[in-house]
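Sequences listed follow chains A, B and C, in order.
The opening position of the first sequence corresponds to residue 1 in the working numbering, with each subsequent residue numbered one higher.
The opening position of the second sequence corresponds to residue 1001 in the working numbering, with each subsequent residue numbered one higher.
The opening position of the third sequence corresponds to residue 2001 in the working numbering, with each subsequent residue numbered one higher.
Think of the hints as simulated: they come from the structure by calculation, not from any bench.
Take the hints with a grain of salt, since some may be wrong.
Facing chain B, according to a computed beta carbon distance under 7 Å, are these residues of chain C, among others [claimed, not checked]:
#1 2031
#2 2071
#3 2121
#4 2124
#5 2128
#6 2131
#7 2159
We put the CB at the ideal spot given by N, CA and C, even for glycine.
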Amino acid sequence: MTESVFRETTAEPRTQSVPLAHLSVELGHLYMEDFEAGPERLRAHFTEVRPWVEAARAAATARAGGKRARVSTCFLIDDYFTRFSTPAEVVPTLLAEAERAGLTIDYLARESGCAVTGKIPVAESVAARIVESPPPGSHGLRPPAAQTGWLANGERSPVARAPQAMKRAVGWQPPHETAARRHSVFLDVELWSDDDGDRTWSCPFLAAVWQLARLGLLRNEGEAVLTPQPHTATAGFPDRWDDLPTLLKLNDRADPFAAYRTCSVLPTRFLPVEHAVRVILDQIEVDPGALAQVADRSGKERTAVPDSVADRISYVYYAGL
Amino acid sequence: MAPRQSTPRTALSCGEVRTSLLPARQALDIRSAAGLLALRADERVLLSERPGLYARSPATLTGVDCPLPSANGARVRAVGTVTAHAALTEGRVLQTSAHCSLPATGPDQRRPWGEYLVRPGVVEPLGKLPHEAVARGVLDGPRRGDLDVGLIADGLLTRLLRHPLLDQRPPFRSRPTRLRWAALPAAPGEGPSLERFTLAEDELRTVRLRVPEDTAAADLAALCNDLALHDWLLTNVVRMLDGIRLGAPSAEDPGAAVRALRPAVDHLLHLWMPGARVTRELAALWGPLEERPGFTRQWQAMVQRIRDQLTLHTVQAVHREAEPAP
Amino acid sequence: MLVFAASDKGGTGRSVTSANLAYQRALTGDHVAYVDFDFGSPTAAAVFDVPGAMRGVEERGLHSYLEGESAEPVRIDVWRQTEHPLLRSRPNQSGRLVLFPGDIGGGEFATGDEALERCVDLLLRLNTEFDVTFVDLSAGRSYAVDMVLAATAHPRMRNLPFRWLIFHRWTRQHVIAASGLVHAEHGIIGSGIERGHDEDALRAAIRFVRAAVPDPEAPLGPQGSTAQATWMQARDEALRRLAAEYRIGDSVVLGIVPLEPILQWHEQLITEDDVLSTQIANKETLDALEEIARRLTDDTHWGRL
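All chains, please: the whole structure from these sequences, using the hints.
This is how it looks when you write it as structure tokens:
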């Protein structure tokens, strides 16, 4: 088709692209209790993580066909559910313990940045992109069973409604996982809770946002969200979490933050949360422009990226701690 | 190495458009239109000012897993997402439209949901798609429980009509319309064609198309929105002219005809622009409709008639004033 | 405009009269919707002679719509689907006349917030399409009455004008009952105020229609005696005093429908043909219906007194 001469920029969609690595490796989450347990806890954690990071790097290189794979590392600090200590105190300790274990943290993120970054309500936007998996029989009428603030991987047990006169109450019926293979593993995830108008996003929901950020799939009106801010070594770290950029680039020579795939190395206790993250990611319609950019670039690089967003993330769980 | 499965070829696209008058006393300006259509916080409303004010919402997806309608009774299950969006023309005519594309074949079992979400607007059959029978089924109207994209367009309309920007004071009574469409593949080498445009019962219209395989479903939806908009204009102006008693104005209410016709002048007559937002290839499909019955011909005849009526009434009013009082 | 048709008791001729009013409005060129919220005993289809929906429709009726089981309620174009021979040839210059039937076996049901929102959606959509929408409500202080009181108090409905017609027969019991429906503690005005209506505005939008009223001047056939006539005039006078005492006196009456024998036999529309050529109906009945239909939108008959 011949291009039209006349154009209106407000009439055309556009999507900003972000640089992409092959793999984003998450070296851990830091919660208040971890920090309170002292630097020994961090040391033990990084010691456990180290070999798996090497393995992930090797796997990425193999997938890249033996060429150098672009791999970046990141670390997430919880400043959303509990506020503890200060960046000036926490970050240097964290970096020192990582270095001691032979690890480099390329990017440091604050969890509250997954809820709101600057003026952008990131979590709210992602929540508005949920397209619930339709149970069989969904033909276009609004889904009757939608439960505000919850997301399941199947159909919930029917609620026992007050029986009408002359009708018998129905007994319990099991919930059903839509993608069940014969038997169900039904999961219902709380996405947020509202308390007097204040919405608190759940840990799995923010973790899902975090995964989308690492996959380079978050956009706001076409613009990239959670872009890394450079850190100058001389500046040190602030005394208030709010003064720390939501995503900080600590290593000048690091590969891009966002990547085709992600791998998180975590203690096993995170397993239920990360199961929930998969259930959420499996039902989020990510920005089609961002999706197309990833497909396009990976195609040019001849790097396979799974279609399904939930299949682009992977985990290594280690025992104990 | 194939990094990404290529999307299988489309054997059928179908959709439904609801067109109605925006229930607000004043037409919305472009900023209010953007407010009404901001279905998502993180996506812009597309705004256009040439050749007329036009705003289009971001697309929303609805998941479906149900049998497809079919004329021969085959119950083919299909899974995927239906795309829906809303558009507002000149701040006055509201359209919601839902559509999907169906590939010729699909897997034997339902895939993980995330795999459907990366192909928005595609509904995949389980097994082979009897596309001719399904196309007829879509146009005849789905049975209860079959895929019904009209319900999705209607759901979006309901959501928009609840918006606080609307004062629910429509400037005149109007008739909403529905336009259902289905597009089958054209023979190899053939361009797009409009096989049939039917005015069915009441407010229902059906459109049957043949299009080359690489025609984007979004472009088809744009064409059908355009057809629906202009058909709605014809329907409603015809209705307005039907409602007035012609001839000399009745003694008790000489202004009745003026009152009945004025909304057309105020709100509708400037909206006629067939093909303005349609790709060049598809805009050619307006040709046969212009030839017979001649949409624009009918429109121009009605516009002329409305203007003549209003002129006559002006002349009569002046005449009455000039008459000496008895 | 919305017109709600209510009555305290069954057998007041509410449905048949409001259907006749809808028909009269359509004849004058208005586009008219008739919404059958008479949950439990839908009768409108019978009056309009639409055989497919005599006791409601199998699916997608108003109950399914309000409960969210269907997106749009079924609509029946009366001119096209009626079996009434005169109605089928849509009278020249008439407006559309569309019936929204209930479901078969729908019955009364508890309404929730979502049903209320859907009710508001429906009434607002009808308002964009029809000049007048008649809503026939189940007798008594029913869920249907509660729902439309809540709907008309809803912020989205603030610009939609509505009027109430309360139908009652011309007997002592019916006069007292009709007054109770409106004025009693939990009557239409009381419940309306609870739901956010302005008392004066609501009062100003309520009028009464006395149905099946015998003519006290007319003797009851050839056997009628002077004594009977005198007695009837006295009763009529007493009833007027009673009505005034119960705040439903002549000043709030929109019209009086005379006792019409054919309506006692068969609930149907009264057409000009019934009066002029077959002469099975009385001209006074038709005149009364035409006049009430006209007064529905004549502001001099409404407002505060």
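A quick look at each hint next to the structure:
no.: 1; hint: 2031; in the structure: holds (6 Å)
no.: 2; hint: 2071; in the structure: holds (5 Å)
no.: 3; hint: 2121; in the structure: holds (6 Å)
no.: 4; hint: 2124; in the structure: holds (5 Å)
no.: 5; hint: 2128; in the structure: holds (5 Å)
no.: 6; hint: 2131; in the structure: holds (6 Å)
no.: 7; hint: 2159; in the structure: holds (5 Å)
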